[in-house]
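J.: Keeping the supplied structure of chain A fixed, place chain B upon it in accordance with the hints.
Going down the list, the protein sequences come from chains A and B.
Quick note: the first sequence, position 341, residue 341 per our numbering, numbers continuous.
Count along the second sequence from 1, then add 1000; that gives the number in our numbering.
No lab work stands behind these hints: they were computed from the structure.
Small disclaimer: the values here were computed from a predicted structure and weren't measured.
All C-beta atoms, glycine included, are put in the ideal place defined by N, C-alpha and C.
Everything hinted at is true.
A short, non-exhaustive set of chain B residues, derived as facing chain A with CB atoms under 8 Å: (1) 1020; (2) 1022; (3) 1026; (4) 1034; (5) 1037; (6) 1109; (7) 1111; (8) 1114; (9) 1115; (10) 1116; (11) 1117.
In the DSSO-like style, the derived pairs of lysine-lysine whose C-alpha atoms are separated by at most 27 Å in a straight line are: (12) A/269 to A/322; (13) A/54 to B/1106; (14) A/298 to A/269; (15) B/1106 to B/1275; (16) B/1275 to A/123; (17) A/108 to B/1275; (18) A/310 to A/322; (19) B/1275 to A/54; (20) A/123 to A/54; (21) A/54 to B/1272; (22) A/123 to B/1106; (23) B/1106 to A/108; (24) A/298 to A/310; (25) A/123 to B/1272; (26) B/1272 to A/108.
Label pairs and their computed distance ranges (CB to CB): (27) A/77 to B/1275: 19 to 29 Å; (28) B/1257 to A/144: 28 to 38 Å; (29) A/324 to B/1037: 49 to 59 Å; (30) A/2 to B/1226: 54 to 64 Å; (31) A/173 to B/1051: 30 to 40 Å; (32) B/1038 to A/144: 27 to 37 Å; (33) B/1107 to A/160: 28 to 38 Å; (34) B/1276 to A/217: 35 to 45 Å; (35) B/1041 to A/14: 32 to 42 Å; (36) B/1025 to A/325: 56 to 66 Å; (37) A/256 to B/1038: 46 to 56 Å; (38) A/75 to B/1190: 19 to 29 Å; (39) A/160 to B/1161: 44 to 54 Å; (40) A/2 to B/1275: 20 to 30 Å.
The chain contents come next:
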Amino acid sequence: MAAIIEVRQLTKTFRQSPGRDRFLQLPWRKKRSYANGAAKVDLSADETHPGTTKVALYPVDFQVEAGETIAFIGPNGAGKSTTIKMLTGILHPTGGDARVLGLRPWEKRVELSYHIGTVFGQKSQLWYHLPPRDTFDLMGSIYDIPKDEYRRRRDELVERFDLGPLLNTPVRKLSLGERMRCEIAVSFLHRPRILFLDEPTIGLDVVVKQTIRNLIRDLNRQEGVTVFLTSHDATDVESLCRRVLVINQGRLLFDGPTSQLLTRFLHYKEMHLQLQTPGFELAREGIEVQQLDNVRFKLVVDVLRVEIDKLLADILHRYAVKDVSVMEPAMEDIIRAIYLEQTPRATQAPTALREERVL
Amino acid sequence: MTGMTRVTGWPVPARRHTRRLGKYWAVFRISLRNQWAYVPEQSVQGIFLVVIMYVFAELWSTTYGTMATSSIAGYGIASVVWYLAMTESIVMGCPRLAMRLSEEIKHGEIAYRLTKPIGYIGYNFAQYLGEASVRIGLNIVLAGMVAALFFGPPPASWASVLLTVVATALAVSTQFTMNMVIGLLLFWMEDGRGLDLILSRLVMILGGMMIPLPLFPDWLARVCAWLPFQVIAYLPARTLVHLRGYDIGQALATGCGWMLICLAVCTFLYGKGVKRLHVQGG
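With the rest of the complex left out, here is chain B:
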């Protein structure tokens, strides 16, 4: 548009204000508070988690009883049950991001997100983290109560508990970036439920959600150890219950690598997708 001059008199920001951390912290806090409103509802869902825990505890007790052994691949019965408590809590506690983004795009709420001076991926991450913190925290309390009631406290040291907090944060971040990739693909696709389902099943099977990786056939365990799905379930649970013999440094580095790769894909997809966004009209 030739001959047009910029309207002067308004302070146009000189640098990327979307990078200010304070605004993401504000999103995290409001998301945390908002999620508290769902605690009663989530406590009801927790009943399901308690039932699952009970069933698996019985199943593993029978398995250990039948095999007449106190340890399988280095895991005792208490370790396996606490392992399950951890993986189930994380996987069930992670919000259904792809579904929420799908709704936002379908119903046009994304219009509000995009007209604010805050990064879209960062906003969603802060919100996701706030929601996941409450949900996973509550799940761990409930599942931990069942595990502690039948099998005593977790076979963990304070060091492994602290490392588990770090590993859980990494697990949630990786889960977010993988879900965000699916969410951003919705700029091109109409429905992400299929991909979301596949991802959740991959985490369930190859991520070691139900069975620790060392209990897999050796070749499969070695392959799975390098896949991103184990970052979400196996990494934090193994860190808690069986830190001995686990190269935690390498495991965390692998997790960080996958998280950064998915983040890079997210950034790429967002840059491409936002230009072809089709926001539903009013």
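Here chain A stands alone, though its shape is the one from the complex:
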């Protein structure tokens, strides 16, 4: 299978003008210094490039196959959006190369735009005072879609995204979730081969997030569209993407299957117990017990040291259990675990495990 996206040694640095620091800084104030100096490169020694540069992305390499669902995760300022903007041709890289559908995005941005869709969670392409139908019409014209085909495709998306009642309502009167459904539907109008989603569920409630995830997953399966997603939301990644790239401070930390990420970087599971009668005692290495009330207990279990099925069998044998649930680790904890692994002195167990899980 041919790679649909190929990235080789892609780098991006942003020049930071020295002008203000140099001329406007008050003489009694200390010179500006950066806390995370690793991501900032001082080029002041270079006479042709005075000032500093901020490295948004250190050289990265990866490939994406057609039909894959791939997540790009990391904290704020990690380089996720910068990468997506280079792959869609909005930003020009400082170094390296990338091909999307065989095209170099920043050189063939217009050609590429016919084959990719973009959804930026914090921005809108819908016309605020007009119903979504008008934006659909506009995009039909912009993408040169023949009229008959356009109507067929629009009606199909309206049905699939359940937009019927929203289609003629001014965008300003739609909820954020309804608007996002429209945004994604509009992005699919021209049958893109790749959909770039930059924080598509940001600001949405749990139920709407799940609706959006289901729609994206269905489109990936039914139309074979490649999904390239950036998100802060761990559940987005777990429920949508089979492969994950973890990035922090412009460096790629992990590239592999989402399941591997879970087993490799976080081996803690959370067990919630509700007993029929008060009284629970369990002192074993690899298990941390927290009493929530008389009959409810939370156990944080290190699955590398304790076999969870044996533990469960033991508890069921010794106590009258009314209810029990075992929770997988949250993506946030996995990211934290990667950081902890790279910082050998910090070995404590994650303190916060996810409270709820929506599947």
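T.: What follows is chain B alone, placed relative to chain A:
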């Protein structure tokens, strides 16, 4: 990247699809419809225009009364008031493009513009034209009502009205290209409000927004007649109220020249600026 082959099977457009006029027409239409939503709000702003018109009408009436003359540099009182109605309508009706582009760059909405198969300058022009059409149209109705109420219909022939439509289209286009230059400079600068303010004041003073150029000192009028600022205010207003003795062919040619020069600057700046664009992250 050696050894990479283009993924086949997808029809990559062979020619510049950004040049298809149909898509810009679609942007113009949606912008026009979107602007209709602002008509009530703009009607309120129109009150300000009506007040300005009234104040200037009184001011010029006093001036003409004091000088005990019915004509200054060929302009009667009705001509001057209709001249003002026209210039105020156009200048107040042109959208604040530089501010909008500044917001788009700051907040990252430009990302959506650049990932669509449509030219960035052309998209903005079509949108600007749609907005300006509604705003200027409404302003002309309101200002015209005040002028007609106190001084009667404009001293214009049908030919001058038709030529005014052409001159107004040229004025709006030139205003767009000049604003777009400022907007594109935002790829390098952080704030374009200063330049935007300077441009608007130049149009106000040197463009003849408040006083027709023939009422300027002779040397200044001659200089201003060759500047781009008069294309936005003086050219369409003079065409409407005082076409006689005006070399309209030369005036329109000068206007077209300035518009094309600014357009060329826009194209140059866009080509350079888009490569160094710093879109805000998500």
